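In order, the protein sequence lines correspond to chains S and V. For the first sequence, the numbering used here gives the first residue as 1, with consecutive numbering after it. For the second sequence, the numbering used here gives the first residue as 430, with consecutive numbering after it.
Just so you know, these hints were derived from the structure itself, not from any lab. Treat the hints with care, since some could be wrong.
If we take Cβ atoms under 7 Å as the criterion, some of the chain V residues that face chain S in the derived model are [as the list claims (entries may be wrong)]:
no., residue
1, Ala471
2, Gly475
3, Phe476
4, Gly497
Chain S regions said to be covered by chain V (calculated; three or more residues, Cβ under 8 Å) [to be verified]:
no., segment
5, 369-376
6, 380-393
7, 404-413
For clarity, every value in this text was computed on a predicted model and none was experimentally measured. All C-beta atoms, glycine included, are put in the ideal place defined by N, C-alpha and C.
The chain contents come next:
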Amino acid sequence: MFWDKKIETMKPAELRELQLKRLKKTLDQVQHVEFYRDLLAKAKIKKTSITSLEDIQKIPFTKKQDLRNGYPFGFFAVPLKKIVRIHTTSGTTGKPTVVGYTRNDLDVWSDLIARNMTMVGITENDVFQNMVNYGMFTGGLGFHYGAEKIGMTVIPSATGNTKRQIEMINDFGVTTIHCTPSYAMHLSEVAEEMGTTLDSLKTGLFGAEPWSESTRKTLEKRLGVTAYDSYGMSELFGPGVAFECPERDGLHIWHDSYLVEIIDPKTGEQVSDGERGELVITPLVKEAMPLLRYRTGDVTMLLEDGCLCRRGKKIARLTGRSDDMLVIRGINVFPSQIEHVLLKIPEVGNQFMVYIDRINHLDEMTVEVEINRDSFSGELADLARLQKKVVKELRDALELRTTVKLVEPGSLPRFEGKAKRVIDRREAI
Amino acid sequence: MDTQKYVIKQISIFSENRPGRLAAIAHALGEEKVNILAFSIAEANGFGVVRALVDHPQKAHDKLQSLGFNIAFTDVIAVKMQDKPGGLFEVAKILGDAGINIEYSYAYSGKDGAVLILRVDQVEDAIMKIKKSGATLLERSVFH
Chain S
1 MFWDKKIETM
11 KPAELRELQL
21 KRLKKTLDQV
31 QHVEFYRDLL
41 AKAKIKKTSI
51 TSLEDIQKIP
61 FTKKQDLRNG
71 YPFGFFAVPL
81 KKIVRIHTTS
91 GTTGKPTVVG
101 YTRNDLDVWS
111 DLIARNMTMV
121 GITENDVFQN
131 MVNYGMFTGG
141 LGFHYGAEKI
151 GMTVIPSATG
161 NTKRQIEMIN
171 DFGVTTIHCT
181 PSYAMHLSEV
191 AEEMGTTLDS
201 LKTGLFGAEP
211 WSESTRKTLE
221 KRLGVTAYDS
231 YGMSELFGPG
241 VAFECPERDG
251 LHIWHDSYLV
261 EIIDPKTGEQ
271 VSDGERGELV
281 ITPLVKEAMP
291 LLRYRTGDVT
301 MLLEDGCLCR
311 RGKKIARLTG
321 RSDDMLVIRG
331 INVFPSQIEH
341 VLLKIPEVGN
351 QFMVYIDRIN
361 HLDEMTVEVE
371 INRDSFSGEL
381 ADLARLQKKV
391 VKELRDALEL
401 RTTVKLVEPG
411 SLPRFEGKAK
421 RVIDRREAI
Chain V
430 MDTQKYVIKQ
440 ISIFSENRPG
450 RLAAIAHALG
460 EEKVNILAFS
470 IAEANGFGVV
480 RALVDHPQKA
490 HDKLQSLGFN
500 IAFTDVIAVK
510 MQDKPGGLFE
520 VAKILGDAGI
530 NIEYSYAYSG
540 KDGAVLILRV
550 DQVEDAIMKI
560 KKSGATLLER
570 SVFH
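Just chain V, same shape as in the assembly (with noise of 0.2 Å):
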């Protein structure tokens, strides 16, 4: 199976916790015309990282790296969830029931439904078992 169309390419931005961080990078996204499907931050002690996915990932890393942020790539898979009481359930049963480790997770309602978007340790495993168990895996074509 080729599990490398459903990997989708999220971008991770090291922050310091302080004002305007998040506008300076929302900013650089708009003017490069980069349109952000999801996103989510994460804080730690002083610090975070802002989490996105973006229409196009390669043009995000460069001109955020070109304005001096600290960027990096990260691997996350996109389960479909019925946008609806006891969606959310669902899916995570079904990657319970499966044994898949979710490192972190984010999840956004969009035009064409509910999307859970996860990280997990074992990408491609993940990938084989979540078709396996029945749920929908979103491509990478429809975000990027």
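For reference, chain S alone in the conformation it holds in the complex (with noise of 0.2 Å):
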């Protein structure tokens, strides 16, 4: 089933002029953001000196960092007015990157997200729970619009109280979830617990963190449903960007909407269809926040066959990272965040580690940090108040619930070089 049938089949040659086309308009809507003017001023880029979509590879990349140094509203391209709606996403160090919509933008999103669910067979006849936190994450209101478009019947039912999450599915008949991997393998343990099957179910939508084709096959049995996998980030809108068809061999990323590079993380240069590489994208149709060559981190691959869909070129699953990013139960997390947690924290050291284990399927980080030698006073109240104000400082900042390990100081290693202070103890999902 298609949702957009003329955009999602377009033949290679005509998508190629649309994509061109857009990116010339999205060069023009840059224009409005100081860091983009500079940033083609200093490479000396015109409008005029794009006139293919191979001319994209002269213009520099925008990172990650480079979104941080605008916080809040410097990669804004219209008036506050204009935005409607702000959602943020953890930077990598102290501030998050923030990122902002347009009415227009959200249409366009909600499209995006319309698009996917109808390419799996998704309709206005189904049921949909959509089990991701509502706050600032994108995942949450992203989909319930995109559904809400398809006319889904919706139910905000957001994270936790799982019990509850499952009577909903059974009293109200949901036939189409979306969370994160993990937290499905919870729920059907828990409804395992409760005696109860979820026989309504038909279709399970899983992203936010990377899962295998075991827990797919484990996912489907335990929950009757069929699994697809969704990717999407906050900086190209949220979810949305590439999803899997019904065929289930990769994810089709919507090239009308993002142009596609895959590079060389250490070079810059672009690599071949069926070479691995990190995901850039250019996002062709956002107007709020317009970006030029954003690196993903994502690490992935063109595919090199069509489908039998009909739709345009997938990309591989998305596996890891070409960053040193963790996702802990959805939630991206920089080491760097943790650094600049403690450092504002005199009671604490700034050396640390990180172990992150999955307990019950669900990601657990501990924090070791050492107490520094002078502000021990001899009671265990205060290490205690300390240890619960890291709790609190590292909870605020990373939107994530930690275990924090008080240690002696000088007990935690020291590194020459490149530091590893993270330990991913997770067997994959």
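Reconstruct the complex from the two isolated chains, following the hints.
What follows is the structure, encoded as structure tokens:
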């Protein structure tokens, strides 16, 4: 099934023409952003320099750090009165990355979500439970508006209270769910403990963290769904960038809206189809926050083979990162954020270790930090207060509950050269 | 009244909750010929504080610090108890009646009788109240 058959099945030549037209429009749009005026002036790029899609390689990359430097509204290409919504995503340190949307952006974005969901056979007859965070995370409202656009019956259940989630699935006859794959695993176990089966479910949309084919089989068996992989990121609207079709052999990325390059992260050079590299995307339809050659940090490749469904070129499922970003319970965490938090707390040292485990299918992060020699009063209560303070500061910065262990000064490993502060003990999901 | 002579220096040592930490502390004190008179461990979430009354607190402090331990002095007081049934009750009742709030406490029973070690928030005030109540406070010189 198609939501927008003409666009989704466009012939390559026609698609390239559309992409170039939209790229030129995006180059106009970025002129409203000081960062890009400077960037393009320095690289001596005028609008007339870009006459083919290949010419995009003349433009320097945009990195997450650049967005952070623009905090809060430095990357908005329209006045704030035209921005109708703001989301944030975790920054590499301290401040989050802010993303903004015009009314038209929200319409375009929900249209992309509608494409994805229609592609896997979801219709207005389906009942949809959206079990992701509805706060600043784009996955909540993103899927919500896309599902409403299709005309599905939407239950904005958000996260938490798994028993209630299961009751709603059964009582409301939910056919389609959206959540992280690890939460889906947890859901299936709680349902089993409750002695219930989730008979109404047909379709599971899972994203926000990498997951394996064996997890797909397990989830499909345990939940009785067909499971689809979903990819996106806040800087590119949110979810909806790429999605599996019923073939489930790679993700269709919407080439009319996102110009895709795969590069060697070391050299910045494009690599051939079938070769792994970092995904670099130039969004072609964003108004409020246009970006040029955005380094996603996600590692994938463009698949050489076409798809039976007649849509465009697919990317391989995303499995890794070209940077040190961690995905914990679907939330992006950079080790530098943890360091930044600890630097602000004088009672603890700057050395730290992070351990990540998966307990009952949910990610648990433990941070070990040394207490400072001078800040030890001798009182247990002061230590307990300090421990709570570190937990709270980390929660405020990462929006994530962590376990904090206070350790003796000098007991954590010191690194010469590249520090290895993160020990990820999770089995692949 | 000279309350200072009743203030006793306890050493408090931060310790992670893992095997061998107490042995490391005790070994260091043994090497320095520091004798432990009373001792307790308080534990919280993944870590603890080892509290000890020793005959040479400064020596213990310097040795443990040189080994990298996080150590601090804490002022405590010691109240004599009768080493017989009801002995603790007598002292506890005096403290309660005098309105003294105990942050933590531990006890030992030695050759000169039983002793209750107290950590209180207002040390001087507590010393005066305890003296007034008629209970016996042990002087610092008894320990070190």
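Task: Three-residue Cβ test at 8 Å for the coverage of the segment 380-393 of chain S by chain V - done: With 5 residues in contact (Cβ-Cβ under 8 Å with chain V), the coverage given for the segment 380-393 of chain S holds.
Task: Satisfaction of the V:Gly497 interface hint, Cβ to chain S closer than 7 Å - done: At 5 Å from the nearest chain S Cβ, V:Gly497 passes the 7 Å test, so the hint holds.
Task: V:Gly475 as chain S interface residue, shortest Cβ-Cβ below 7 Å - done: 5 Å, holds
Open item on the list: So is the segment 369-376 of chain S in contact with chain V by the C-beta rule, three or more residues under 8 Å, or is the coverage claim wrong?
Closed with: Result for this restraint: holds, n = 3.
Task: Satisfaction of the V:Ala471 interface hint, Cβ to chain S closer than 7 Å - done: Since the shortest Cβ distance to chain S is 5 Å, the answer is holds.
Open item on the list: V:Phe476 was flagged as interface toward chain S. Is the shortest Cβ-Cβ separation under 7 Å?
Closed with: Nearest chain S Cβ about 5 Å off; hint holds.
Task: Outcome, coverage of the segment 404-413 of chain S by chain V - at least 3 residues whose beta-carbon is closer than 8 Å to one in that chain - done: holds (count 7)
When the structure is compared with the earlier hints, no violation turns up for any of them.
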